[in-house]
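For reference, the chains in residue letters:
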Amino acid sequence: MTPRERADRRRGLLLMAPTLTILAVVTVYPGVWVLWLSLQHRVPVFGVERFAGASHYVFLASDPRFWNAAWTTAVFTVVSVALELVLGVLVALSLAGLARGRHLAFSLLLLAWAMPAVVTAKLFEWLYHPAAGLLNFLLGGRGLNWLGDPSLALPAVILADVWRSLPFVAVLAYARLLSIPAELFEAAHVDGAGRLATFAHVTLPLLRRILAIAVLFRTLDALRAFDIMFVLTGGGPAGTTETLTVYAYRGLFQMLQLGFGSAVGVVVFALVMAVAWAYLRLLRAEESRA
Amino acid sequence: MTRRGGVREALVIAALAGYAVPFFWQLLTSFKAEADLLRLPPLVPARLTLAHYRVVLEQSLLPEALGNSLGVAALTTLLALGVGLPAAYAIARLPVPGRGALLLAIVASTAFPQIATVSPLYLLLRALRLRDTWTALVLAHTSFALPLTVWLLAGFIREIPWVLEESAAVDGASRVRAFRSVLLPLLAPGIASAGLLAFLFSWNEFLFAYTFTATEASRTAPVALALFPGVFEVPWGDIAAASMLASLPPLLIVVVLQRYLVRGLLAGAVKD
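Residue numbers (this note's numbering), protein chains in the order written: chain A, 29 to 318; chain B, 8 to 279.
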């Protein structure tokens with residue numbers, strides 16, 4: 029190693045030191061500490077603080093409320109991401125033909141993505157109002173209680189999330205569409221491929237990679253989603269929209285069971301990391317095949 | 008432009024306007040008179056009023072909350088850029104030992120669920136007596152803003168050919184000068200993109216802000232909106248006005264700085 033290289037390595041570490049220090053405090057430390065917390069029985073208001081071993085996890089294994097939250101999280105994630113994917117691609121395809129008005133189109137689209145999720149929740153709470161909501165009015169004056177009916181609440185929350193997150197998928201897919209050379213579509217046309225065949229055999233395979241990335245990002249976000257259901261329904265009615273994140277929050281700051289709530293948080297953590305890891309494995313397997 | 012193209016464009020814009028109806032409906036609601044709020048039809052009321060904005064700005068705590076949001080988001084952005092830019096430079100340009108692992112760790116930390124880190128951070132901030140302060144929120148928001156910034160900026164720096172700085176070095180410029188006079192101007196749009204996303208995510212953040220704040224000393228706009236008080240009935244008009252005010256900075260970013268926003272959004276996803 030030349031002296032210059034050695035100096036550069038030292039400089040590199042020096043430049044990274046502040047970032048690494050801050051991240052050690054605000055992410056690594058909490059990320060490890062939460063594991064430890066989840067093994068404790070900890071109720072700060074009563075000054076309770078003792079080691080509990082795996083008892084919170086043992087309890088969760090047979091806790092119907094936990095399994096209900098896990099199921100709700102799964103349904104919310106799968107349905108939201110699937111809808112966002114399909115609708116996002118449709119929006120991207122219609123944007124791709126746009127020669128003018130792109131700025132306006134993007135403004136209308138990105139607005140939903142850029143505003144706080146709490147605002148999204150308030151917007152939809154008002155749209156869903158049983159008596160004065162726009163949705164019931166458009167449905168011909170029906171009095172559906174969207175957020176109060178156990179069979180409608182989760183679909184209502186999913187709709188709000190799809191509205192908010194669809195632009196992300198659309199923008200990613202749109203950017204990839206723009207980078208596909210026009211000759212490819214022309215060649216498909218010359219070969220006599222119809223619109224649907226062109227989409228299935230030319231467009232979709234080229235979109236595959238970016239859509240896989242979009243699905244990963246959206247899946248991680250959906251598993252972690254909290255604001256939208258917490259503000260829109262608070263997990264109700266009858267727990268039908270209570271996801272793992274909402275259950276964890278209630279455990280932490282409403283039942284004030286810091287250890288127990290942390291254990292539910294750790295489950296979310298593990299789920300997110302498992303999905304990210306599985307995705308990276310799939311990607312690597314695919315790349316080695318290619 | 009062909010006639011058919013024009014029709015198609017009009018259709019797409021109309022469809023997107025329809026998609027944005029939830030926003031416009033709330034905008035309209037924020038201008039409706041109290042008596043018209045729960046009456047539907049008519050879709051468009053006969054008169055419009057600024058009364059709800061007056062109530063929100065003069066009688067609620069939203070103005071303080073907007074100020075807190077602005078302060079916290081601005082400080083978070085500055086901290087993330089100030090600390091993140093040197094780190095991104097080191098990752099992109101210097102032979103840092105264990106660079107791959109460090110970058111992977113930084114990317115992985117953007118995936119950390121806040122619901123998992125909220126309890127330890129709560130205990131940490133309480134122990135440091137930082138609850139209900141801007142400092143607490145800036146630190147907490149840095150946990151996602153900083154990794155994002157490093158990740159984006161490292162990607163943007165890699166896109167800029169190394170040759171440019173090298174030739175400056177051949178001309179006798181030091182690394183610092185090559186960075187300042189060659190790299191920095193080319194990187195400016197990238198810094199804008201990363202900064203905008205950091206600002207936006209901090210502005211919108213709810214879970215940490217809801218947990219670590221207690222009063223108007225640090226309560227941010229999303230929290231104030233979620234807790235918006237109603238005495239006997241829900242003040243839909245006031246909530247609508249407050250929603251619009253809380254969406255104002257994101258709205259400005261989307262309309263005025265759209266190019267940087269989209270670039271940042273794409274860069275975060277595509278470079279891996």
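Hints are computed from structural coordinates only; laboratory data are not their basis. Beta carbons: idealized from backbone N, C-alpha and C, even for Gly. Where hints are given, some of them may not hold.
Here chain A is said to cover these stretches of chain B; the calculated rule only asks that three of the stretch's residues, wherever they fall, bring their Cβ under 8 Å from a Cβ of chain A [said to hold, decoys possible]:
id	segment
1	57 to 68
2	91 to 102
3	144 to 153
4	160 to 171
5	183 to 189
6	195 to 203
7	219 to 226
Away from chain A, derived, C-beta distances all over 12 Å, residues of chain B [as the list claims (entries may be wrong)]:
id	residue
8	E16
9	P29
10	R54
11	G74
12	P120
13	D139
14	W141
15	V177
16	D178
17	F239
18	A247
Going through the hints against the structure:
Given as covered by chain A, the segment 57 to 68 of chain B fails the check, having 0 residues with a CB less than 8 Å from a CB of that chain where 3 are the minimum. Only when three residues or more bring their CB closer than 8 Å to a CB of chain A does the claim for the segment 91 to 102 of chain B stand; here the count is 8, and the claim holds. Counting residues of the segment 144 to 153 of chain B whose CB falls under 8 Å from any CB of chain A gives 5; the rule of at least 3 is met. For the segment 160 to 171 of chain B, the proposed coverage by chain A is not satisfied: 0 residues have a C-beta within less than 8 Å of a C-beta in that chain, short of the threshold of three.
Counting residues of the segment 183 to 189 of chain B whose C-beta sits closer than 8 Å to any C-beta of chain A gives 0, which falls short of three, so the coverage hint is violated. Closer than 8 Å: that is the beta-carbon criterion, and the segment 195 to 203 of chain B has 0 residues meeting it against chain A, so the requirement of 3 is violated. Counting residues of the segment 219 to 226 of chain B whose CB lies closer than 8 Å to any CB of chain A gives 0, so the stated coverage by that chain is violated, three being the minimum. The beta carbon of E16(B) is not kept farther than 12 Å from every beta carbon of chain A, the shortest such distance being approximately 5 Å.
At roughly 5 Å, the least C-beta separation between P29(B) and chain A is not larger than 12 Å, which violates its mark as non-interface. For R54(B), the non-interface assignment is confirmed: its Cβ lies about 17 Å from the closest Cβ of chain A, beyond the 12 Å cut-off. No beta-carbon of chain A is positioned within 12 Å of the beta-carbon of G74(B); the least distance is around 16 Å. A Cβ of chain A approaches the Cβ of P120(B) within 12 Å, the least distance being about 4 Å, so the stated non-interface status is violated.
Residue-level check passed: D139(B) sits 15 Å from the nearest beta carbon of chain A, beyond 12 Å. Taking the minimum C-beta to C-beta distance to chain A, about 15 Å, the non-interface status of W141(B) holds against the 12 Å cut. Every CB of chain A lies more than 12 Å from the CB of V177(B), the least distance being 14 Å, so the non-interface label holds. Chain A leaves D178(B) outside its interface by the beta-carbon criterion, the shortest separation being 17 Å against a cut-off of 12 Å.
The beta carbon of F239(B) sits about 16 Å from the closest Cβ of chain A, which is more than 12 Å, so the claim that it is off the interface holds. With a least CB separation of 7 Å from chain A, A247(B) falls inside the 12 Å interface cut-off, contrary to its annotation.
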